[in-house]
Amino acid sequence: NAGVMQNPRHLVRRRGQEARLRCSPMKGHSHVYWYRQLPEEGLKFMVYLQKENIIDESGMPKERFSAEFPKEGPSILRIQQVVRGDSAAYFCASSPLAGGPKNTGELFFGEGSRLTVL
Amino acid sequence: RKEVEQDPGPFNVPEGATVAFNCTYSNSASQSFFWYRQDCRKEPKLLMSVYSSGNEDGRFTAQLNRASQYISLLIRDSKLSDSATYLCVVRNGGATNKLIFGTGTLLAVQP
Numbered sequence: 001n002a003g004v005m006q007n008p009r010h011l012v013r014r015r016g017q018e019a020r021l022r023c024s025p026m027k028g029h030s031h032v033y034w035y036r037q038l039p040e041e042g043l044k045f046m047v048y049l050q051k052e053n054i055i056d057e058s059g060m061p062k063e064r065f066s067a068e069f070p071k072e073g074p075s076i077l078r079i080q081q082v083v084r085g086d087s088a089a090y091f092c093a094s095s096p097l098a099g100g101p102k103n104t105g106e107l108f109f110g111e112g113s114r115l116t117v118l
Numbered sequence: 119r120k121e122v123e124q125d126p127g128p129f130n131v132p133e134g135a136t137v138a139f140n141c142t143y144s145n146s147a148s149q150s151f152f153w154y155r156q157d158c159r160k161e162p163k164l165l166m167s168v169y170s171s172g173n174e175d176g177r178f179t180a181q182l183n184r185a186s187q188y189i190s191l192l193i194r195d196s197k198l199s200d201s202a203t204y205l206c207v208v209r210n211g212g213a214t215n216k217l218i219f220g221t222g223t224l225l226a227v228q229p
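So the protein lines, in turn, are chains X and D. The opening residue of the first sequence carries number 1 in our numbering; numbering runs sequentially from there. The opening residue of the second sequence carries number 119 in our numbering; numbering runs sequentially from there.
Simulated from the structure, these hints should not be mistaken for laboratory data. Incorrect hints may have been included.
Unchecked claim - The list that follows gives simulated cross-link-like pairs (lysine-lysine, DSS-like), each with its CA atoms no further than 30 angstroms apart:
1) K120(D) / K62(X)
2) K44(X) / K163(D)
3) K62(X) / K160(D)
4) K44(X) / K120(D)
5) K44(X) / K27(X)
6) K71(X) / K163(D)
7) K160(D) / K71(X)
8) K51(X) / K160(D)
9) K44(X) / K160(D)
10) K27(X) / K160(D)
Same shape as in the complex, but just chain X (with noise of 0.2 angstroms):
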């Protein structure tokens, strides 16, 4: 069963430029969140989606950073026209049961897309 599957693991953009990150969850899941981790900083939630919905956007920045979790395909995480305070790594997790009280609370990490933008 694999894991979390994210591409690419290293991306290098020039300033104003896109990003686009992809998730696979992990089979059988159908929960997926991003969190940013920025050089020395620990991770901050962006978003939560279930298949085609956003659930929590809470953490997105409100210009430029888009999600969306399609009914067939990978999440994607798009970054419009980037700046160098975006190069971070973007981890997507996983799970396989909705938020709520009666949720172990694990999620199941990517191995993360480096962003590095120039």
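Given chain X, work out where chain D should sit, using these hints.
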């Protein structure tokens, strides 16, 4: 104030030492608690959940004090392979199962 606070370290300890990490959280409604481990430039991986009664997994012991909103992790007989960043994590309940991560404590076990 950060939702989850940890001493960033680094903790430099010799092999075989016992080391303790502490963590505090600000939201008294937090429902679940975890320690994750993150190796350099790798993804976080669950080390253990933390229960109110305290729990142990081999050389690792986790404790939770809800009244003080305090979580701890004790590592006995440290191994070189324990060198990593240890992340204190809480889940605040509600509908999204969102995990809130501390910034981590770096442990370096020296030979």
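Status of the hints after comparison with the structure:
no. : hint             : in the structure
1   : K120(D) / K62(X) : 21 angstroms, holds
2   : K44(X) / K163(D) : 16 angstroms, holds
3   : K62(X) / K160(D) : 28 angstroms, holds
4   : K44(X) / K120(D) : 12 angstroms, holds
5   : K44(X) / K27(X)  : 25 angstroms, holds
6   : K71(X) / K163(D) : 27 angstroms, holds
7   : K160(D) / K71(X) : 29 angstroms, holds
8   : K51(X) / K160(D) : 27 angstroms, holds
9   : K44(X) / K160(D) : 16 angstroms, holds
10  : K27(X) / K160(D) : 21 angstroms, holds
In this structure, every one of the numbered hints holds.
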